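Participant: So the sequence lines, in the order shown, correspond to chains A and B.
Just so we're aligned: the first sequence equals residues 1 to 763 in the working numbering.
Just so we're aligned: the second sequence equals residues 1 to 291 in the working numbering.
Warning: the hint list may mix true and false statements.
Calculated lysine to aspartate or glutamate pairs in the DMTMM-like style (CA-CA distance at most 25 Å, straight line) [to be verified]: (1) K751(A) <-> D277(B); (2) K751(A) <-> D266(B); (3) K13(A) <-> D571(A).
Hint data in this document are derived by calculation from the structure and do not stem from the laboratory.
Values in this document were obtained by computation on a predicted structure and should not be read as measured data.
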Amino acid sequence: MSVGLSQERLDAKAKVTGRCRFTADLTLPGIRIAKYLHSTIAHGKVTSIDTSEALALPGVEGVFTFADIPKVPFATAGHAFNLDPAARDKEDRLLLTEHVRYHGDEIAVVVAVDGLTASKALKKIKVTYEEYPALLNHEQALDDTARELHDGSGNRVGEHSYQCGDVPAALASADAILKGQFQTQMVQHCHMENHVAWAYMDDTDHIVVMSSTQIPHICRRIVSQALDIPMSTVQVIKPAIGGGFGNKQDVVLEPMVAFLTKQLGGIPVMLELTREECLTSTRIRHPFRVNIECAVNNDGTLKALAMDVSSNTGGYASHGHSIAKAAGSKVVPLYPNAAISYQAITHYSNLPSAGAMRGYGSPQIVFAVESIMEEAARKLGMDSIDFRLKNVAQTGDTNPLTGKVIESAGIRECLHKGREQFLWDQKKQDHSRFNSACKTGNIRRGLGVACFSYGSGTYPASVEIAGARMILNQDGRVTVQIGATEIGQGSDTVIAQMAAEKLGIPVSAIRVVSTQDTDTTPFDPGSFASRQTYVVCQAVAEAGDLLRQRILEHASCMLEIAVDQLTVSEDAVIDTSDNVLLSLKDLALDAYYHKTRGQQLTAEVSRKVTTNAYSYGCTLVEVEIDIALCQLTILAIRNIHDSGKIINPDLAAGQVYGGVGMGISGALSEELLADPETGWIYNNNLLDYKIATMMDSPDISCDFVETHEPTAAFGNKSLGEPPLLSVAPAIRNAILDATGVAMNQLPMSPKALFTAFRAAELI
Amino acid sequence: MFPIDQYHRASSVEHACSLLAEYPGRKLIAGGTDVLIRLREGKSGFSSLIDIHDLDELTWINHTADGTLQIGSGVTFTQLINYLKNDSLLPALVEGSSSIGGPQVRNMATLGGNICNGATSADSAAPLLAFNARITLKSQSGTREVPVEDFYAGPGKVHLEPDEIVTTFSINQEDHQNTGSHFYKYAMRKAMDIATIGCAAVCRIEENRIQSLRLAYTVAAPVPTRCHVLEEQVNGQPVSGKLIRDIAAMVLEELSPRNSWRASKDFREHIIRTLADRVVTEAIIRAGGQL
Chain A
1 MSVGLSQERL
11 DAKAKVTGRC
21 RFTADLTLPG
31 IRIAKYLHST
41 IAHGKVTSID
51 TSEALALPGV
61 EGVFTFADIP
71 KVPFATAGHA
81 FNLDPAARDK
91 EDRLLLTEHV
101 RYHGDEIAVV
111 VAVDGLTASK
121 ALKKIKVTYE
131 EYPALLNHEQ
141 ALDDTARELH
151 DGSGNRVGEH
161 SYQCGDVPAA
171 LASADAILKG
181 QFQTQMVQHC
191 HMENHVAWAY
201 MDDTDHIVVM
211 SSTQIPHICR
221 RIVSQALDIP
231 MSTVQVIKPA
241 IGGGFGNKQD
251 VVLEPMVAFL
261 TKQLGGIPVM
271 LELTREECLT
281 STRIRHPFRV
291 NIECAVNNDG
301 TLKALAMDVS
311 SNTGGYASHG
321 HSIAKAAGSK
331 VVPLYPNAAI
341 SYQAITHYSN
351 LPSAGAMRGY
361 GSPQIVFAVE
371 SIMEEAARKL
381 GMDSIDFRLK
391 NVAQTGDTNP
401 LTGKVIESAG
411 IRECLHKGRE
421 QFLWDQKKQD
431 HSRFNSACKT
441 GNIRRGLGVA
451 CFSYGSGTYP
461 ASVEIAGARM
471 ILNQDGRVTV
481 QIGATEIGQG
491 SDTVIAQMAA
501 EKLGIPVSAI
511 RVVSTQDTDT
521 TPFDPGSFAS
531 RQTYVVCQAV
541 AEAGDLLRQR
551 ILEHASCMLE
561 IAVDQLTVSE
571 DAVIDTSDNV
581 LLSLKDLALD
591 AYYHKTRGQQ
601 LTAEVSRKVT
611 TNAYSYGCTL
621 VEVEIDIALC
631 QLTILAIRNI
641 HDSGKIINPD
651 LAAGQVYGGV
661 GMGISGALSE
671 ELLADPETGW
681 IYNNNLLDYK
691 IATMMDSPDI
701 SCDFVETHEP
711 TAAFGNKSLG
721 EPPLLSVAPA
731 IRNAILDATG
741 VAMNQLPMSP
751 KALFTAFRAA
761 ELI
Chain B
1 MFPIDQYHRA
11 SSVEHACSLL
21 AEYPGRKLIA
31 GGTDVLIRLR
41 EGKSGFSSLI
51 DIHDLDELTW
61 INHTADGTLQ
71 IGSGVTFTQL
81 INYLKNDSLL
91 PALVEGSSSI
101 GGPQVRNMAT
111 LGGNICNGAT
121 SADSAAPLLA
131 FNARITLKSQ
141 SGTREVPVED
151 FYAGPGKVHL
161 EPDEIVTTFS
171 INQEDHQNTG
181 SHFYKYAMRK
191 AMDIATIGCA
201 AVCRIEENRI
211 QSLRLAYTVA
221 APVPTRCHVL
231 EEQVNGQPVS
241 GKLIRDIAAM
251 VLEELSPRNS
261 WRASKDFREH
271 IIRTLADRVV
281 TEAIIRAGGQ
291 L
């Protein structure tokens, strides 16, 4: 038994003792350092660029501009390739550009013997621009007279709509209609390890790229496309990685380092971005503007939700419209019995490029949906939890968008459990006394709740394929190789638990190869969409069964006992009476070295998953607000999740703590700020970009409702992204409860509270 | 890697003064929590350094015979906080020092550096102003002493001659004994942040009347600023809710906060008034006043 236990992370000791090696730790002697020259304007054209002084600087080995790069446009999104050309990502990038599309765009690159020399050389490059008006929002970008950021695009990246049920009829006949507009902000992933990649050539036509990426196999395809070279001449290696949150589900540096080593005769070249560069010149979360209508009947029935979304992807499409599309599809499994309509447009602008980020559009939509749900509950005079209990999905409901039955839905149980554990009803009474006792008081308390549903993987939008390889080593232990990437979430550990469960051996007898190398690793698109446990479990389970069968067959051959009389337990083969017959070590030595029988015992499975499973959950939060100081304190916050069977309770809780913490930070303080006229980014540093510190994080608590998801090998569903989704609306609803002020824009920072409290004449 | 061209390690204050005289324009580096940031940013003027980090002559705290508290400019905030807490001294300076950066920064950053950096947001500045702290400066041509308040010259500027080094901060006994003091840093988060507004108050109460009140703000003007006119008007007044409201109502007259993308003038003014109320109230209570 390994699944369901809190196995310690496989990499815990390596990481806390500093033995774990990351991309920048693994460089080669003589490596050269490359640095980008970023644009100092948000929109315009480079009219001249003089690199002669930079090139003349001792130690500078190359300066490249738009004129020097292959003119092969490529898409950077880390999606699995799509056989349908119409469904592929927008190929709107070149390695460098003369057409500046955001403040921080890459217009040249310098390679030097060290970073200081490269930095000095950057200052010697002389650039002149023809500057255009910055297009920063929906109206500016989609104005008929607006300049196109990408030729032929009309500044539109994509449009999409769906309708489940008769929304107009529901709106016309409902007892009450609530309307609202919600706006979310630019936020950035702020993973600890900045983007870093380096490359060298180990033959005349073979490039090795080492990168901190979530998607090595996809990366290899995109590098080969961008450089117009065969895919097999590119090898991508992903060592340990210091976080990604989706920002490394994009190909950002790898084509450039591959290009540079190729230009410089194969010497190793590294690009390691600073935090400042990461904040503006990698990817951010798409700001959404959501207009939403909600129709309800007096008995508390949600009749309809109508959403109209404008998503701002910035200067380049990256994941582009698929984020707005994915976000819309994940509302339906939460409220499958309401009529729901969704329309979305994604547009370009002169803001930093938006891409994948934990939640993939859902945090933005859930903010709008759960805020308007709160308004509806209040309009009807219903308790916020009761109102949701009346309307959320239950097992056996049909998802009207896919026509498929929802096989497991534990959201009702989550809400019940949350209400009980959080002492919701008691707190509600206490607050009512507390707030009425000091009606004109400065300190107010409030409660908020919000729910979400989410998918497990990308199917049916994309192929979901995973590979696992297992080898019985000479000492009877098992090596597991998977294509799925560990990016800090703990996937290697849960994969070891799954393998151990199927093989019948302890996790301590398993070594998971954490590094992915596209030359040897089984194919898998990578780490995203909270897919790891759900998608990879199929391949791992099957490979485990297969290797166990081969072990038993060899034992049968050695022992001359029928296979069905044998099983693997701990480190040995046992019979039906639990007698130890043969150690796995002896079995392995025999399989490897007996002169005539046996072979290396291995199993390899590549499996496509053609189902998806919805995970559910809710956030309950209690806040205290100092109105005069415009300060909010979270007194208590608890997430309850239905992620099916929990493979590793401690790691699962870790995901929730991290996700809720990230959610709080995004709800209350984080915001990448652009000048409203010029698009110039004010705060691309961690002093002015206010990510919450440990001092700002309250104690976070969580619990699980363990449903069984029949489409997964172990009954499990997604958990990586979900903990973030319902945090911001729950806090927003708690502020509303405490003060009567509706914060419909993120972040709900002291500055925003000041403006809102002033408007409400509270201060 | 930092673009450092010249580096000298000073072995004493005297050595530092002679190095400064020999190489005018060189920057002193102590904890490095400001200088290294400038270097990383590639700012000019920081590539030639004289290192005074951890000089014995600059890292002591003591009381002179007349009870004056003297703090070496090279004392780190961690050392300062521990010393003051241990002797229950200058609560507002403990609070100001504790609000700087995070633990790692406070382990390196020095009191002298925080003031010489010249920032209007320096978290130790408001308490130092409110305690009437004075600065001692040394050079080869001699020693001089100025109030911290007068040391500030403008945004990012202090009256530090190119050949001078700050050695000591002094606070007279009568400026802190039998007072109540409080500092509050208003920022967008609880650590690792720059103040939106900082406010320090030091007061002495007799028979529930204000015998003296000193009120200082950071980020409320181009330099850390005392509210002298207000202080004059308040002295001698009986402690009351009305007095606190009056203080909050008139505090802005001597201040001129900026309007910037970090925070609007309107917002800063609101916080200045709110903190006048909160911080003065707390200082009065700590001084034994009854409200």
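Participant: Is K751(A) within 25 Å of D277(B), Cα to Cα?
Facilitator: Holds - the C-alpha atoms of D277(B) and K751(A) are around 20 Å apart, at most 25 Å.
Participant: When you check the alpha-carbon spacing of K13(A) and D571(A), does it fall within 25 Å?
Facilitator: holds, 24 Å
Participant: When you check the alpha-carbon spacing of K751(A) and D266(B), does it fall within 25 Å?
Facilitator: Holds: K751(A) and D266(B) sit about 10 Å apart, inside 25 Å.
Every hint from the earlier list agrees with this structure, and none is contradicted.
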